[in-house]
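Visitor: Respectively, the protein sequence lines represent chains A and B. Numbered by UniProt numbering, the letters in the first sequence go through residues 1 to 201 in order. Numbered by UniProt numbering, the letters in the second sequence go through residues 1 to 201 in order.
Honestly, the hints are just simulated from the structure, not real lab data. Computed from a predicted structure; not experimentally measured. Idealized CB from N, CA, C, for every residue including glycine. One should not assume that every hint holds.
Example chain A residues on the side facing chain B (calculated, C-beta under 10 Å, incomplete) [to be verified]:
#, residue
1, W57
2, R125
3, A129
4, D187
There are 2 protein chains.
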Amino acid sequence: MRISPCSAQAVELGPGDELVVIDPEGQQVSDVVAFGNPDHGEYLSSGRSLDYASRFWLTTGDVLYSNRSRPMFTIIEDTCGRHDFTLTPCSKDTFRIIYGENEGRPGCEGNLAAALAPYGIGVDRIPIAFNAFMHVSIDATTGEFGVLPPLSKAGDFVRLRAEMPLVVAMSACSAGQSNNFSFKPIDFQVVRRNPPSCSNG
Amino acid sequence: MRISPCSAQAVELGPGDELVVIDPEGQQVSDVVAFGNPDHGEYLSSGRSLDYASRFWLTTGDVLYSNRSRPMFTIIEDTCGRHDFTLTPCSKDTFRIIYGENEGRPGCEGNLAAALAPYGIGVDRIPIAFNAFMHVSIDATTGEFGVLPPLSKAGDFVRLRAEMPLVVAMSACSAGQSNNFSFKPIDFQVVRRNPPSCSNG
Chain A
1 MRISPCSAQA VELGPGDELV VIDPEGQQVS DVVAFGNPDH GEYLSSGRSL
51 DYASRFWLTT GDVLYSNRSR PMFTIIEDTC GRHDFTLTPC SKDTFRIIYG
101 ENEGRPGCEG NLAAALAPYG IGVDRIPIAF NAFMHVSIDA TTGEFGVLPP
151 LSKAGDFVRL RAEMPLVVAM SACSAGQSNN FSFKPIDFQV VRRNPPSCSN
201 G
Chain B
1 MRISPCSAQA VELGPGDELV VIDPEGQQVS DVVAFGNPDH GEYLSSGRSL
51 DYASRFWLTT GDVLYSNRSR PMFTIIEDTC GRHDFTLTPC SKDTFRIIYG
101 ENEGRPGCEG NLAAALAPYG IGVDRIPIAF NAFMHVSIDA TTGEFGVLPP
151 LSKAGDFVRL RAEMPLVVAM SACSAGQSNN FSFKPIDFQV VRRNPPSCSN
201 G
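Extracted from the complex, chain A is given alone in its bound form (with noise of 0.2 Å):
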């Protein structure tokens, strides 16, 4: 499946099902957030996963947290090794603040939202995101960080597998300082652990 540059879609996963998101074309960042299915109160959490990994970028082996400090996810694979989780999906806010942009397009977080809109997660649900292939530097003395080009080459991918039921979103990112400015799209693969049968014979 493609999500289009600038755009982003929804999944539900059940458990065991793995979601592969894939960086077709190299440097192109995945804003990826989760909810709990049906209750949506329980969320992707970035805070509980970091803390529990003691680590802010993480990898393959590593458990992506809800807010109720249960796996949503476990990273089995991960090609890239390089993400952020620590920043908000990009608005239409990011893009008046940081780039003096008055354009108002929608963000990552818009089309996040709209993804979402289905199964009535508004925006203000949306939390902060795994960012995908998303390359955050930081100087480890004065705090500051750099969003540089993410090390990505075409066709790195990083394989979740969902821990319980989840609804997912993801984007293709639509904020030029995490894709150098080179406009993507994301694809995407569901592996379902237990495909549907024909109940009928």
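Position chain B relative to chain A; hints supplied.
Guide: Okay, now just chain B, sitting in the frame of chain A:
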């Protein structure tokens, strides 16, 4: 006002009011969360605030933004200079996962939720806090971080000016690692921009 060790309190602020969070004995942490008042759908956002500052550690002059990218607080004075804004408040699950502690202590999360219960704000809504005086150090190469004893000395404080009507909750932290295993109180003062007057003459 004093917040007893391992507890939390809530307070309402109007625009221009100042909240002074004080570490009376030194090396104690206060997790501060905030919500719009009366619209609690708006909340203090780590991801927005860090993104707009391009810095992980915030101090005097920095603005703490809401999820709607509106200023909630400005830090107008800071005698300590080092705080965290990346981790969620400690909770019974934090103690279990990180410390192997199964007593079920509520932690800052539970204490903040209890303080916010009169406002109808439930535990699922507790976001990443502005963790005043919390000292997180990071290895810029690996992203690994450590929670170190706070740099705050007795009497250090951070002065926050409210930029909109807010419900704020603050804790005296319950996590040993955050306060050098010495559970202490936190003090706070509210300086009203427009003190209530006697309208009855």
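Visitor: Mind listing which of the numbered hints don't hold for this structure, in increasing order?
Guide: Number 4 - this is the single hint that the structure violates.
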